[in-house]
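Taken in order, these protein sequences are the chains called A and B. For the first sequence, the numbering used here begins at 1 and goes up steadily by one. For the second sequence, the numbering used here begins at 396 and goes up steadily by one.
If you are wondering where the hints come from, they were derived from the structure by calculation, not from laboratory data. None of the hints are false.
Simulated coverage check for chain B against chain A, where a stretch passes if three residues somewhere in it have a Cβ under 8 angstroms from a Cβ of chain A:
#1 460 to 471
#2 530 to 539
Here are the simulated EDC-like cross-link-like pairs (lysine to aspartate or glutamate), alpha carbons at most 16 angstroms apart as the crow flies:
#3 B/405 to B/439
#4 A/139 to A/17
#5 A/143 to A/17
#6 A/106 to A/63
#7 A/121 to B/534
#8 A/251 to A/261
#9 A/121 to B/533
#10 A/278 to A/261
#11 B/469 to B/509
#12 B/449 to A/171
#13 B/538 to A/237
#14 A/251 to A/237
Yeah, the Cβ is synthetic: ideal placement off N, Cα and C, and Gly gets one too.
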Amino acid sequence: MSKADKKLVIFSDIDVEKALKNALQKPRPDLISEVRESGLKGRGGAGFPTAVKWNLAASAQGDRKFVICNADEGEPGTFKDRVLLTDYAEQLVAGMVLAGYAVGAKEGIIYLRAEYTYLRKNLEATLEKMRGRKLLGKKISGKDFEFDIHIHMGSGAYICGEETALIESLEGHRGEPRNRPPFPVTVGYLGCPTSVNNVETFITALHIVEKGAKWFKTYGTEKSTGTKLFSVSGDCDKPGVYELPMGITIKKLLETVGGEDAKAVQVGGASGTCVPRKDFDRAIAYEDVSTGGSIIVFGPFRDMLEVAINFMEFFCDESCGQCTPCRLGTETLLEGLDMLDEGKCSLKYLRELCSLGETMQVASKCGLGQSAPNAFLSIVENFKSEILDSRCTCR
Amino acid sequence: MLASERDQLKAEIIKMAKKHDQHRSGLIPVLQHVQNVSRHISPEAMQDIAEAFKIHPVEVQGVVSFYSFLSTEKKGKFIVRLCRTISCDMAGKEAVANQLENELDIEFGETTDDGMFTLEFTNCLGMCDQGPAMLVNEDIYAKVTPEKVADIIDSYRNRFGAHVTQGEHA
Numbered sequence: 001m002s003k004a005d006k007k008l009v010i011f012s013d014i015d016v017e018k019a020l021k022n023a024l025q026k027p028r029p030d031l032i033s034e035v036r037e038s039g040l041k042g043r044g045g046a047g048f049p050t051a052v053k054w055n056l057a058a059s060a061q062g063d064r065k066f067v068i069c070n071a072d073e074g075e076p077g078t079f080k081d082r083v084l085l086t087d088y089a090e091q092l093v094a095g096m097v098l099a100g101y102a103v104g105a106k107e108g109i110i111y112l113r114a115e116y117t118y119l120r121k122n123l124e125a126t127l128e129k130m131r132g133r134k135l136l137g138k139k140i141s142g143k144d145f146e147f148d149i150h151i152h153m154g155s156g157a158y159i160c161g162e163e164t165a166l167i168e169s170l171e172g173h174r175g176e177p178r179n180r181p182p183f184p185v186t187v188g189y190l191g192c193p194t195s196v197n198n199v200e201t202f203i204t205a206l207h208i209v210e211k212g213a214k215w216f217k218t219y220g221t222e223k224s225t226g227t228k229l230f231s232v233s234g235d236c237d238k239p240g241v242y243e244l245p246m247g248i249t250i251k252k253l254l255e256t257v258g259g260e261d262a263k264a265v266q267v268g269g270a271s272g273t274c275v276p277r278k279d280f281d282r283a284i285a286y287e288d289v290s291t292g293g294s295i296i297v298f299g300p301f302r303d304m305l306e307v308a309i310n311f312m313e314f315f316c317d318e319s320c321g322q323c324t325p326c327r328l329g330t331e332t333l334l335e336g337l338d339m340l341d342e343g344k345c346s347l348k349y350l351r352e353l354c355s356l357g358e359t360m361q362v363a364s365k366c367g368l369g370q371s372a373p374n375a376f377l378s379i380v381e382n383f384k385s386e387i388l389d390s391r392c393t394c395r
Numbered sequence: 396m397l398a399s400e401r402d403q404l405k406a407e408i409i410k411m412a413k414k415h416d417q418h419r420s421g422l423i424p425v426l427q428h429v430q431n432v433s434r435h436i437s438p439e440a441m442q443d444i445a446e447a448f449k450i451h452p453v454e455v456q457g458v459v460s461f462y463s464f465l466s467t468e469k470k471g472k473f474i475v476r477l478c479r480t481i482s483c484d485m486a487g488k489e490a491v492a493n494q495l496e497n498e499l500d501i502e503f504g505e506t507t508d509d510g511m512f513t514l515e516f517t518n519c520l521g522m523c524d525q526g527p528a529m530l531v532n533e534d535i536y537a538k539v540t541p542e543k544v545a546d547i548i549d550s551y552r553n554r555f556g557a558h559v560t561q562g563e564h565a
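Work out the full structure: start from the sequences and follow the hints.
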């Protein structure tokens, strides 16, 4: 596996204890401004500026606040958090303590997906070890600051990676996203101000606070600073987790992972976009093709319609069913894909389906429904002739 | 379920609910426990859980039906969950699925007659770089091939205490 090939930011060496102690010596606003200065955006995929989130949670009224780690990594093609939770758990815990200190929270929760139950034992051991070293619990590193973390297991629902659905799930409800506003930073878990961040975000923030925003910004682009972990799978020679600077072109990435002959790349998982070969010069960054880290490579012989069907089946299964555009839209798009597969879809109807997809993008309640048609739309747009040619019933 | 078993489970439910101050945030941990112990969440258990948390049973059922790791139907002692998402699909999950059906003599969604194995598809397991991947209860298997399927299944079948009918899974 190539995760240690390059040590840029997240995989660079760090003395966790020293980094955390240094951070806790700084005034809280300084921590947040260092993170703001770095331009760090949420690494789960949504790309919301981390410092803004922390600042809102810090300034929100409330005696009780929470820091939640979103370890409900469920986006198809994403597995970088699994690697972090396995090999970098100490950094995650330290990052959460740092966030707790910055926003004024005493309680942290790791929401770990049910599929990762096998990682729990190691995580619990790490928490215990950190408590023993006075880096977690009461009077952390001798300061008058307490923060502790417990693990909450998910129960198998992709939608719980959406932060308000995650909070609903923590509170013992169906994981159905809430209306926003209010945002979790003001009204979150148990009605308290809550900052929900991705595993990678906490770890990146720890590095930034220790090594400085300036250093972080030497990587990446102006709008997408730093590096990012990419989970690469599919038709390439070297699948695995890679740390690469933001703004890297798809072409360059494919060279790195040995997938130069790809005919398309799915960037951002099932909810992301399918980029055809002609667009491989595009950059992976928030301002161009955005991703939470999922890169799925499709080789020259892949049937793109099968790919689209697989993604749409996923969404039909994982739609929480709360809002109509998503619940019925995903079903209707899947039926359309099946018609295409049978070679029985008129172009007129296909246009209607595309228009339905665009409606879902604006009318769905949460990110799942809004992004569910992305793969459908980009695959139909870029591979229409391939699909129609290969499914001709007159043959 | 025997009456004494239900009483025992009920006592556990009440104890766990108390630990969470009967707050609803303890509901899912209790459901997970019941699922683990009795391999499903029966209508009776839902009643008991609702009582313990002072909520309507339909609220409990609503939660149970939402999550794919909770079920009202009794599952096998070992739940085999094969990833069907794109990367594992491209890596050859179909052949593995076929062999799983052959070894267990059931189809996906079914449980073997002896109550040992349930076969299910699941969405992305986060092992996309090492597909096809599958979970057996909490254990993860990567790069599964049709040839490996029988050995994996046997390792559970031959596990000490696997045939004990009651109690937590081996």
